[in-house]
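Engineer: Next come the chains, spelled out residue by residue.
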Amino acid sequence: MSGQRHEQSVGEQSPGGPAGIDPRPHVVSDGDPGIGSYVEGRRCSECRYPTFHPAIRCAVCGGSMEPDRYGPAGTVFSATVVRIAIPGRVPPYGLAYVDLDDGPRILGHVTESESALQPGDRVQLVGATEAGDPLVRLLGMGAAG
Amino acid sequence: MKVSVYGIGTSSFGKQPGMSAARLVEAAVLEAIDDADVQLDEIDAVYVGTVFGEAGVATRTLQQVGIDRVPIITLENACASGTTAYHEAVWSVETGRFRRVLALGVETMTAHFAGAIHPENVDAEGRQGMALPSVYAMSAARYQSEFGLTDEELALVSVKNHLHGMENPRAQHRRAVTIEEVLESRMVADPLTLLQCCSISDASAAAVIGPARSSVRDVRVRSTVLRSGGLWDHRSDRVWGFDLVAETARLAYEEAGVSAADADVIEVHDAFTIGEIVTTEALGLAPPGEGGKLLLNGHTRIGGAQPVNPSGGLLSRGHPLGATGIAQVAEIVWQLRGDAGGRQVEGARIGLVETMGGGTAGVDGNACVVTLLER
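Line order of the protein sequences matches chains A and B. For the first sequence, this note's numbering begins at 74 and goes up steadily by one. For the second sequence, this note's numbering begins at 5 and goes up steadily by one.
Keep in mind that the hints were calculated from the coordinates and are not lab data. There may be inaccurate statements among the hints.
Heads up, incomplete: computed chain B residues facing chain A, CB under 7 Å, no partners named [to be verified]:
id, residue
1, A59
2, G60
3, V61
4, H122
5, V126
6, R131
From the three backbone atoms N, C-alpha and C, an ideal C-beta is built for every residue, glycine too.
Work the whole structure out from these sequences, hints included.
Structural biologist: Written out as structure tokens, the structure is:
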């Protein structure tokens, strides 16, 4: 990568992860990691439908897709903390569905894992975890609604 | 429809690592064939639902009970795989493709999982450690925030279904639990505790399906509908799966010419407590946000107006994915015949089964089946 652009570890393959194409949202950061992080995705040139998948046709209207980026801010749709072990993961870890502003809903990991974020909380994408998962942090107290 | 369930059978449910898939299938198929009063060589085709069964599991197991040479068709639709096999079997008879068809579900889960099910690494969420309990935990957290459902109300689903399951000799867990026990059991994914999550299980279930005949024991299929979910994304305000169940149910009621209030006995997909609450609303038993009241006022317990999961549901019976849907159908058949023993719903005439399969990110559900049965 050239210039200021810094690739987080979310890529085609993540270190130590399973082989093959990485299906997770692709997080990139401009400048200092943790300041301006975005999800690189696509948006329909016709109906404006946003997605984090590298799709060439819009899943909603069939229109052609163009590159777009989403974040860093978003609103929590729902969240939980996983407290059981599954292969390759160490509990506990916080998960949240985040509706990125004017963008798609993504699943991300949460910087703090003691308690779950609340629906309506405003969060910011801050990069990726060591394992390559999109990582979000609480911005402030829960927003109304 | 002009189709009936002739007979049903199941193995016992539970962690049975000593039982091969073939022995589980044998128990279910031989009971179903006997119950249907047909001969093995009268079976024209088999539809099989299984998720984690290794390649060839259907043929490998069926040959040991003497079913060979006929078409054997294996289907996968996550947790709704068994009900999908049933649905396809029913339609194959309705359309005249086959005459007598076996719908079979089988799963040997202790061979594949030590704990919670987690989706494939090729899935955008599965790759992030989204275990199935956390899929439903997301729904529970959202629902609680939106409608103010309490942890105690959530726990009541587990209390009711465990109580029902005490009267089901084939269930995995036959033990009553209290609200306190449910809430004090280990946290799995906030707010869902261990006793709010169904168990992995090894089991098989089978149903013989054929054209309506004069036997008084047969149970008529009024309708069966199978749908896959639409996109579930930033435009979706509902919790995951609600819209899919609601739409599938609407079509099933329409096809059968009945409404939600007509269902006398109901089996739904309570893989996790929140699942039953959201599903009963999607089926139209309560308005959105009021599913918890059905538990508080006893509407959905045996003795109430519309008992839900008299078998004990997945929470008590266990959840062998491919076998679950046909086990739900079996429970409704027993109930409509008056053969359900200590968990009998008195006077039940119309029964409903709903199964929901998930685990794929971005859609409202891999598949949902709703079927209405009558005797």
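Engineer: Which constraints among the numbered hints does this structure fail? Numbers only, ascending.
Structural biologist: Hints 1, 2 and 3 contradicted; others consistent.
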